[in-house]
Amino acid sequence: MINELMIIIFAPLLAGVLAWIFDVKGIREGVAIIGAAVPLAYLIQAYQTLASQPSIQYSIVLSGFKFEFILYHLSWVFAMIAGVVGFAAVLGMVSTAKDSYEWLFALMSLTGVYGVFLADDLISFFIFWEIMTFASFMMVLKYNRKASLKYFLLSVLGAYAMLIAIGIIYAKVGAFDFTSVQRVFYQDAMRSVMGSDTLFSRNELLLIFGLFLTAFGVKAGTFPLHVWAPDAYSETNQSYTAMFSGVLSKAGVYGMLVIYILLGTRLMYEFGNIGAAPKFGYVIAFLGGITIIVGGLLAALQEDIRKLFAYSSISQIGYILVGIGVGTALSIEAAIYHAISHALFKGLFFLIVATIIHRTGKTQFKDMGGLAEKMPVTFAMAFVAILSLAGIPPLVGFASKWLIFEAVIHQNMPILGGMLFFGSAIGFVYLIRFTYAVWFGQRPTELDDTKDAPLPLAIAMGILALLNVVFGIAPGIVAGELNKIFGKEIIQGTIWELNLGFGRYNGLFITIWLVVGILIAAVIYFLGAKVRRVPVTDTYQAGNPVTMDYNLTIRRNFFLPLKETLAFWLRMSFDRLYQDIGSWVEDLAETLRHYIYNGNVQAYAWYLAAILIILALWGV
Amino acid sequence: MMVIETALKALLILLYATFVGFMFMGIIRIVTARIHRRVGPPIYQPILDTIKLLSKKSSITHGLIYDFGIIYALGATILALMFIPLGGVSILRAYGDLILITFLLEIPMLGIMFAAMSSGNPWAGLGAQRALLTLLAIQVPLGFAIVALGEFYGTFSTYQIVMAQQSMGWSITSLPLLLAAVAYDLVLQAMFGKEPFDIMIAPGEISLGPMVEFGGKHMGILQIQHAIALFAETLFFSNIFLGGAVITAFASPIINTLATLVVLLIKQTAVLMVAIFIGAIFPRFTIDQAARFYWKWPTIIAAAGAILAAL
Amino acid sequence: MVDWRLFEPLFEFARRKSLWIVAFCTGCGGIEMPPLMTSRYDLERFGMMPNPAPRMADLFLITGYVTPKTLKRIIITYELQPDPKYVMAHGSCPLNGGVYWDAYNAIKHLDKYIPVDVIIAGCMPRPEAVMDGINKIMEMIEKGTADGWKRYKENYEYYRKNQDELFGEGWREKEARRWIPWLMDRKKEE
Amino acid sequence: MNLQFASLLIALPLISAFFVPVIKTISRKAVMPFLVIITAVQTGIAAWVFEEVYTGGKPIIIMAGGFKPPVGINLYIGHFAALFVLIIAVAGFFMAVFSMKSIGVEPKDKYAMLFLLLMLGATGMISTGDIFNLFVFMEITAISAYALTAYNKTGEASEGAMKYIVLGGIGSSFFLVGIALIYGSLGTLNMAQIAQLAGNINPTVAQAALALLVFGLAVEAELFPLNAWAPDAYQAAPHPVTAMFSAFVVKAGLYAMVRIIYLLRDTQAFTGILRLVLILGTITVVIGELSALRQTNVKRMFAYSSIAQVGFMAVGFSLGTQAGASAGVFHMVNHAIVKALMFLAVGYVALELGGTSIEDFKGLGKKMPLTAFAITVGAISIIGIPMFNVFWSKIQLILAALKVGKTGVIALILGASLVEAVYYIRLIHTMWFESANGEKVKENFTLGVIMLLLVALIIVIGVFPNAAWNIAQKAAADLYNVSQYIKNVPLLPGVSP
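Chains as they are written, first to last, in this note's numbering: chain A, 1 to 620; chain B, 1 to 311; chain C, 1 to 190; chain D, 1 to 497.
Hint data in this document are derived by calculation from the structure and do not stem from the laboratory.
Some hints could be false.
To be verified - Listed below are the simulated DMTMM-like cross-link pairs for lysine to aspartate or glutamate, each with C-alpha atoms no more than 25 Å apart in a straight line:
no.: 1; chain 1: A; residue 1: Lys530; chain 2: C; residue 2: Glu165
no.: 2; chain 1: B; residue 1: Lys57; chain 2: A; residue 2: Glu303
no.: 3; chain 1: D; residue 1: Lys403; chain 2: A; residue 2: Asp197
no.: 4; chain 1: A; residue 1: Lys98; chain 2: A; residue 2: Asp23
no.: 5; chain 1: C; residue 1: Lys69; chain 2: B; residue 2: Glu205
no.: 6; chain 1: D; residue 1: Lys366; chain 2: A; residue 2: Asp99
no.: 7; chain 1: A; residue 1: Lys530; chain 2: C; residue 2: Asp132
no.: 8; chain 1: A; residue 1: Lys142; chain 2: D; residue 2: Glu52
no.: 9; chain 1: A; residue 1: Lys98; chain 2: D; residue 2: Glu434
no.: 10; chain 1: C; residue 1: Lys17; chain 2: C; residue 2: Asp132
no.: 11; chain 1: A; residue 1: Lys142; chain 2: D; residue 2: Glu434
no.: 12; chain 1: B; residue 1: Lys9; chain 2: A; residue 2: Glu497
no.: 13; chain 1: D; residue 1: Lys403; chain 2: A; residue 2: Asp99
no.: 14; chain 1: B; residue 1: Lys57; chain 2: C; residue 2: Glu169
no.: 15; chain 1: D; residue 1: Lys366; chain 2: A; residue 2: Asp23
no.: 16; chain 1: D; residue 1: Lys442; chain 2: A; residue 2: Glu497
no.: 17; chain 1: C; residue 1: Lys108; chain 2: C; residue 2: Glu169
no.: 18; chain 1: C; residue 1: Lys150; chain 2: A; residue 2: Glu373
no.: 19; chain 1: B; residue 1: Lys57; chain 2: C; residue 2: Glu139
no.: 20; chain 1: A; residue 1: Lys563; chain 2: B; residue 2: Glu5
no.: 21; chain 1: D; residue 1: Lys362; chain 2: A; residue 2: Asp177
no.: 22; chain 1: A; residue 1: Lys530; chain 2: A; residue 2: Asp304
no.: 23; chain 1: C; residue 1: Lys112; chain 2: A; residue 2: Asp538
no.: 24; chain 1: A; residue 1: Lys146; chain 2: D; residue 2: Glu359
no.: 25; chain 1: B; residue 1: Lys57; chain 2: C; residue 2: Asp147
no.: 26; chain 1: B; residue 1: Lys57; chain 2: C; residue 2: Glu157
no.: 27; chain 1: C; residue 1: Lys108; chain 2: C; residue 2: Glu142
no.: 28; chain 1: A; residue 1: Lys142; chain 2: D; residue 2: Glu439
no.: 29; chain 1: D; residue 1: Lys440; chain 2: A; residue 2: Glu564
no.: 30; chain 1: A; residue 1: Lys279; chain 2: B; residue 2: Asp288
no.: 31; chain 1: D; residue 1: Lys440; chain 2: A; residue 2: Glu446
no.: 32; chain 1: D; residue 1: Lys362; chain 2: A; residue 2: Asp197
no.: 33; chain 1: A; residue 1: Lys530; chain 2: C; residue 2: Glu154
no.: 34; chain 1: B; residue 1: Lys57; chain 2: C; residue 2: Glu165
no.: 35; chain 1: C; residue 1: Lys161; chain 2: A; residue 2: Asp99
no.: 36; chain 1: C; residue 1: Lys17; chain 2: C; residue 2: Glu169
no.: 37; chain 1: B; residue 1: Lys194; chain 2: A; residue 2: Glu564
no.: 38; chain 1: A; residue 1: Lys146; chain 2: D; residue 2: Asp266
no.: 39; chain 1: B; residue 1: Lys194; chain 2: C; residue 2: Asp111
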């Protein structure tokens, strides 16, 4: 009997390879679904085990490295995110995936992400991190070279940063597994408190922290390393993006948590706190805050449906980082909660986008409109997702956002609080833009025979939408799991209620009273006169007759005034900066090669002479 | 029994809020008229308007969302109302969380936007866009004001804040919250949709923006929603900044409640008056001017308040 | 279901007391509206309110002469209004052409195209006269004789015939071509 | 079976090289098959020796004419030598097979002879235990390499060969001077004895000698800037020869350099030279990668890339720790496999589509899926993606370097490998996702099998690196701890200068 953790990690990869080899339509989809379902089943089964014992562990030795894997509450929660959203995304891909290539790499990235979440030592963490990056990169490469290259370079940069950090730690600690690394840093912290000299000097600590921050920041899409995300998220199979943005970005979040787990105490003692929040967390938190604002504003100004949601997920990740950065138990729980809800609604959103693109073949807002009548099911899903992301009670989006708000403001962090509020408003803004341009208004005639979502996509969306609602009405379910991570009741309350002591939120009451209010309104509505359905052209245009020949809907530059207001800030772009650096390097390289390998043998002989002289000076 | 009592209470609150809300709308029109040296309509005029609109004999719809958005807006407003402490008689005051109420006061607009945009009228779209950008603009000072409150009192429960004010005086008597209150009041101006921030419904320019397609009972429901929202927003403001009111001086709870309501009514009217006066004498900002304004002064004031409260 | 006839008097009162106006100010009469609205004659006393959107309007003011071009808008705007709706025409031009009685391009009889409840004679009627007309229409609403909207429904063929005679068949679609150029950006892009 | 038969590793290619003209007089057609058969036999012997050494755990010492060293010349086939002899033989065999298809230019008999001599030289360089003998073998390798470079009778071929000759000549002459210095001061040419006596050598002489030896070998080992000949030679040489250059000729030079440096560990010059090699290696990596960045000729691009990889190995060895040496050896093995595969594939593409410019690779995935797949796997492996072999050696190397605190160097190298990722990914995208014109090519079965073998090797090592890693560690140990080396060689007692 091979170990269940191994099954959880490698089942998707195996399925992917099989699907790739037996490239038969029907078979490969079945295999892939099984490959995505098996880990989920094992995780659900593992829940029973975790109730009795603290963790499940497993380790193997390979090329001199001991690879250790562990499944405990934290990794279980994250793995469940991967499991559910990954499964939904795979279902979606059944409709949208074109060839076995996509199956192979989509499932490979799922394996990678499972590995990252279950890894218990730095090397396997790194290796699965790389696998995840590589697989997702291949998914993008198929669609767009430039975007994929940008993504890969930034990711590999991050990965190498992580590698160096790991190496530095290894050189001092002599071990890779989390427990011993954590122990060493803890002892270090104690030493620094005692005042005796520490194993890692302050600067080394800063270096390691910075390197890790870079590594995880890239994957999470933190400002200013977010530039890859919009292109990469949009230039691939959108069903896959549900996984890409919903799960893979959570690997970066998980990494931030790993920083806490490993270096937390040491950093806290070295750099001190502000209030109850560690100073080093402030870096993360403020980066997160800026990410919220930048991502949100740019999302509002996009003209491409995929890009809008790409930026939106950057912005949402910002929330999670703020929660993590504040660094109290409550705020971290809030952050994980938001990680869950973000995975749920953003996965749902990208599946919706996948449906729209699958059915209409359009990606620009200017080509869409009035689809609500043609795709009612999809629109219903979109409605749930919109309310959830905009943070409308009683949906999961609000519960998690509310937790983050309370956690942050309770720590007396005014600026971050303001950033969060701005973020929620900008969420409204870009969502309405999406709603208006895609679902409402006048429908271009070429979309008149658009069909509704295909069954697999519909099922996938249904799963996620249902979870959105359930976890919103009964937020205590999630809160209970999160409390297990810290082993104490940080969020009290029943399954309906979150009670922080200084603030309460009850999903059930809100639902009830919302229903009551809507009933009252409905009564008034139905007492009124009968309504007559009119076409979209029967609308007031200063008395001008309206026909379908014209575009009644504002589809381009919907937020032009915003653009004008922000004109100054929009002029600076990190994306362009990086591209310039890239081209500089290329030119430099070309010049170098041109001058060094100039094909002139005398020059080569002179090199020899030069080296000889150097040697002589060296020697004598 | 419990349920019936609650339901009765809720109904009473609802009726009271609606009635007072309509009165407020009437007051707005009268006072504005007086400032214009006009006679102005009778104070019950908004009620007549609503009855007329509801009694229209024909009415159109642009689809399911067009109707549902309206209903949702009113429902959400009623929901918000239930969470705001109204002296001692509100239903869910125990769950009246600052953040929650702030969100709840915003979501009716979402419903209206959905309905308006589903009509496909370009002016409705334009109005929605402007309304959203106004929302975006006010969100920053609003957020800072809320943050200041939360940090100052260390709790998010509106009711506890009211109680605290009973003992330690109104919020605006302390500097940080005074700043927050100033910023919040500027925000209220946009929440009421009064000048100078009513570009979203600019009647002459985009013919009421989001409202352009609503007629008959849709508009009537929106009038009711507007009335309740007016009541709720003023009530919220006077609760968190003007000390609310919890009167226990008299023996019988009935009289206590009535006295509470009266006190609250006075405070709400005061809040309303400020808004009217500002609105009556100012011209209209374009949307980017409004955004720049809100992101400059109110934000600075509110942020100062929040930071002071944090220290 | 509630029997709404009981409330009919209340409704009539409300309708009478809150007339929201769509003012079609193309003619010279447009200049008479500002004094009516502002502090001199303050129409708001009667709960009347200028209102840009026809969807929620009750009273449709046509202030002055009507040309075919404006008539098209008048008809469309009128049809957008929900019942019950009332029309009031200022001046002699809508009544019988007035000074344009022999102009080739002015509509002589507005009530051939839409039902008009009250026509205020005069060229131009002063605000007092207009307010007199408003009183008149309020009385008519009370008596229930302001039934233009019913007549338009009943004799729609008649009105439609006159309109089509004037403009030709399918004029709504045809004419739409040249108007609203700012709505044609999709065409411009391609 | 008598271990002395291992000397066949040297003898077989030599003798058969001289038999080639005879074969030719019998039949022109038989030359190439003869070459293949000889290399196959050589592979068999090498495999046997490998098996013997790694099971027996003791190195095989072959004394010419039974004279004990230092009087007689001895061959020392330790773990490292056994491993690399095997690699040389296998690569030689594959390339011989490839040559049957790829070499159309006459005179093939000369080609076969030079081919065998090249193998002989490399084998000798790796397995000899005598420093002058090393020089001789190096010259054999070099000269046959020059000739093979110029084998395609084109202008650029002769130009590349010319450059190679000039630089190589300078290098080996200085190498000779270095040997002379050593001999003059120690009076012995036997490596073991040199190592034994290295302690009491005059430091100045030691430094000068070491410097000259390193200098001479660095030319063969392609360290910057002594590698200027490499790009032209690689591009101009026949495809199998290029593959062999990259697969073992360079590594033989590198081996010789490292071996000598380690032998003279006891001298003061040791650390200084190590630092020098470290610097050279780093620069080699950086310059190599950067130069490859905008190459439009794929073969030349691979040439630069392999230069950079050699820099990696040099850095690994110059760390001066056991871990570093192991990593270096491991990287040598992996790189030999990958580069053999890639140059083979590129050569094959050039054969089929008539060129190695990037244009010819457009839509290769449609035209020659197998070859494209092979190149892709190789590229991904070189970039250092997990589950492919190079990843392991790279990570071992980096960890070793960081253990001795060389963070800056590592940062530089990793930055350079970012560049590597760029140009390889561009190539992959061009191959698979760009529009192809031209019909599908029927791919040669034998070459396909060879490529698939190598691909399988890459992936197997990538997934289960244990075995390869242990072998590499053993080999590195053989290279690293010199005291063991001295013990292994049965020096004639009492004979000392």
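Consistency of the hints with the structure:
1. Lys530/A with Glu165/C: violated, 33 Å
2. Lys57/B with Glu303/A: violated, 42 Å
3. Lys403/D with Asp197/A: Within the cut-off at roughly 20 Å; holds.
4. Lys98/A with Asp23/A: Cα-Cα ~11 Å, so holds.
5. Lys69/C with Glu205/B: holds, 22 Å
6. Lys366/D with Asp99/A: Roughly 15 Å between the alpha carbons, so the hint for Lys366/D and Asp99/A holds.
7. Lys530/A with Asp132/C: Not satisfied, since the Cα-Cα distance of roughly 35 Å exceeds 25 Å.
8. Lys142/A with Glu52/D: The given pair, whose Cα atoms are some 48 Å apart, is violated under the 25 Å limit.
9. Lys98/A with Glu434/D: Given pair Lys98/A, Glu434/D holds - Cα atoms ~17 Å apart, limit 25 Å.
10. Lys17/C with Asp132/C: Holds, at roughly 15 Å.
11. Lys142/A with Glu434/D: holds, 10 Å
12. Lys9/B with Glu497/A: holds, 23 Å
13. Lys403/D with Asp99/A: violated, 45 Å
14. Lys57/B with Glu169/C: violated, 30 Å
15. Lys366/D with Asp23/A: holds, 17 Å
16. Lys442/D with Glu497/A: Violated. Lys442/D to Glu497/A sits at ~69 Å, over the 25 Å cutoff.
17. Lys108/C with Glu169/C: Measuring from Cα to Cα gives roughly 21 Å; hence the hint holds.
18. Lys150/C with Glu373/A: violated, 33 Å
19. Lys57/B with Glu139/C: holds, 20 Å
20. Lys563/A with Glu5/B: violated, 52 Å
21. Lys362/D with Asp177/A: violated, 45 Å
22. Lys530/A with Asp304/A: violated, 39 Å
23. Lys112/C with Asp538/A: At roughly 24 Å apart (the allowed maximum being 25 Å), Asp538/A and Lys112/C satisfy the hint.
24. Lys146/A with Glu359/D: holds, 19 Å
25. Lys57/B with Asp147/C: holds, 13 Å
26. Lys57/B with Glu157/C: holds, 22 Å
27. Lys108/C with Glu142/C: violated, 30 Å
28. Lys142/A with Glu439/D: Measuring from Cα to Cα gives roughly 22 Å; hence the hint holds.
29. Lys440/D with Glu564/A: Violated: Lys440/D and Glu564/A sit about 54 Å apart, past 25 Å.
30. Lys279/A with Asp288/B: Measuring from Cα to Cα gives roughly 37 Å; hence the hint is violated.
31. Lys440/D with Glu446/A: violated, 39 Å
32. Lys362/D with Asp197/A: violated, 60 Å
33. Lys530/A with Glu154/C: Distance ~19 Å between Lys530/A and Glu154/C Cα, so the pair holds.
34. Lys57/B with Glu165/C: violated, 30 Å
35. Lys161/C with Asp99/A: Status violated; Cα separation ~62 Å.
36. Lys17/C with Glu169/C: violated, 40 Å
37. Lys194/B with Glu564/A: holds, 24 Å
38. Lys146/A with Asp266/D: violated, 53 Å
39. Lys194/B with Asp111/C: Violated - the C-alpha atoms of Asp111/C and Lys194/B are around 40 Å apart, more than 25 Å.
Hints 1, 2, 7, 8, 13, 14, 16, 18, 20, 21, 22, 27, 29, 30, 31, 32, 34, 35, 36, 38 and 39 from the earlier list are contradicted by this structure; the remaining hints agree with it.
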